[in-house]
Amino acid sequence: MTARTEQSHEPSAVARPRLGALAVGDQIGTRTVELDRSRLVRYAGASGDFNRIHWDQEFAEGVGLPGVIAHGMLTMGSVVGLVTEWAGDPGAVVDYTTRFSRPVPVPADGVATVEVSGKIGAIDVEAGTTRVDLTVTFEGAKVLMKTQAVVRLDG
Amino acid sequence: MANPDFQGREYPATAPYSVGREKIREFAEAVGATDPAHHDLVAARGLGYPDLVAPPTFAVVIAQRAESQYVSDPEAGIDFSRVVHADERFTHHHPIVAGDELVTVLHVDSVTSRGALSMVTTRCEIFATSETGFGSDTVPGTPVVTVTSTLAVRGEDA
Numbered sequence: 001m002t003a004r005t006e007q008s009h010e011p012s013a014v015a016r017p018r019l020g021a022l023a024v025g026d027q028i029g030t031r032t033v034e035l036d037r038s039r040l041v042r043y044a045g046a047s048g049d050f051n052r053i054h055w056d057q058e059f060a061e062g063v064g065l066p067g068v069i070a071h072g073m074l075t076m077g078s079v080v081g082l083v084t085e086w087a088g089d090p091g092a093v094v095d096y097t098t099r100f101s102r103p104v105p106v107p108a109d110g111v112a113t114v115e116v117s118g119k120i121g122a123i124d125v126e127a128g129t130t131r132v133d134l135t136v137t138f139e140g141a142k143v144l145m146k147t148q149a150v151v152r153l154d155g
Numbered sequence: 001m002a003n004p005d006f007q008g009r010e011y012p013a014t015a016p017y018s019v020g021r022e023k024i025r026e027f028a029e030a031v032g033a034t035d036p037a038h039h040d041l042v043a044a045r046g047l048g049y050p051d052l053v054a055p056p057t058f059a060v061v062i063a064q065r066a067e068s069q070y071v072s073d074p075e076a077g078i079d080f081s082r083v084v085h086a087d088e089r090f091t092h093h094h095p096i097v098a099g100d101e102l103v104t105v106l107h108v109d110s111v112t113s114r115g116a117l118s119m120v121t122t123r124c125e126i127f128a129t130s131e132t133g134f135g136s137d138t139v140p141g142t143p144v145v146t147v148t149s150t151l152a153v154r155g156e157d158a
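Residue numbers (full-length UniProt numbering), protein chains in the order written: chain A, 1 to 155; chain B, 1 to 158.
Since the hints were derived computationally from the structure, they do not count as laboratory data.
C-beta: ideal position from N, C-alpha, C; glycine also.
One should not assume that every hint holds.
As the list claims (entries may be wrong) - Cβ-Cβ distance ranges computed for the label pairs, FRET-style:
id: 1; chain 1: A; residue 1: 119; chain 2: B; residue 2: 16; range: 18 to 28 Å
id: 2; chain 1: A; residue 1: 102; chain 2: B; residue 2: 80; range: 37 to 47 Å
id: 3; chain 1: A; residue 1: 18; chain 2: B; residue 2: 65; range: 12 to 22 Å
id: 4; chain 1: B; residue 1: 68; chain 2: A; residue 2: 34; range: 23 to 33 Å
id: 5; chain 1: A; residue 1: 146; chain 2: B; residue 2: 114; range: 28 to 38 Å
id: 6; chain 1: A; residue 1: 117; chain 2: B; residue 2: 75; range: 14 to 24 Å
id: 7; chain 1: A; residue 1: 51; chain 2: B; residue 2: 75; range: 17 to 27 Å
id: 8; chain 1: A; residue 1: 58; chain 2: B; residue 2: 143; range: 24 to 34 Å
id: 9; chain 1: A; residue 1: 15; chain 2: B; residue 2: 65; range: 30 to 40 Å
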């Protein structure tokens, strides 16, 4: 595997969080996700989403966008890394939902930096799950809304 | 404008999608997912998975193929250059792991229009293929993931 630049801490080897030790409102951490044009092309290839608005400047402007924008699904798929690394098990995310509220324009040179933070929004002891609510912003404005990941944890 | 006649439509199960280890690694790399369970068999098995486990949004790869049956149909009235993704949900009944053979049943749950703006909601029910016998490998078996997606389609005047 290849290390990526946006991970600021070591994955795994950390004790998994336990449901009983959590409280609503607890912060699970923050991270930044840096998106550049090569990330968009890579995601297009990996996902099969070749919509031109994600790699063709003229086309994107022609349909009324500010320029090339990140795939909403790339942003959604990237920011959940904060949750999976905290949970210590990427398969523990049983439900994950978001609403795309603003596009993230990605410049031809340089990066668009998306900021993510997460906190415990709910705990369901019977189901053995907690809901992590993510706040996802770009240049101070929310780009995803109601971003919620339900994670299965041991009691 | 999106054709309202498609609301309620259900498509036949797709051909099986074979989940491969390298596809999981490639997708994980693309979304910056460094969790060892996406990349390393020993790590995945250490967490109790039989093989590499897919990232939480991996099912979009499978769902998108199924959704194209609907959104690429000229009769559906969806101009993809005028589509904006409105929302997305993944509900995992079981984790997706390498080696899975998955079939998808696409449902068009709603098609609504207000003025020049149409909203369409699709639901992909993704199943493991049934192993009940020869020739039945496209029969849906155990539910694995439900992917719900809403697209906003701007009309020419919007």
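Of the numbered hints stated previously, which ones are contradicted by the structure, given in increasing order? Hints 1, 2, 3, 5, 6 and 8 are the ones this structure does not satisfy, whereas the remaining hints hold.
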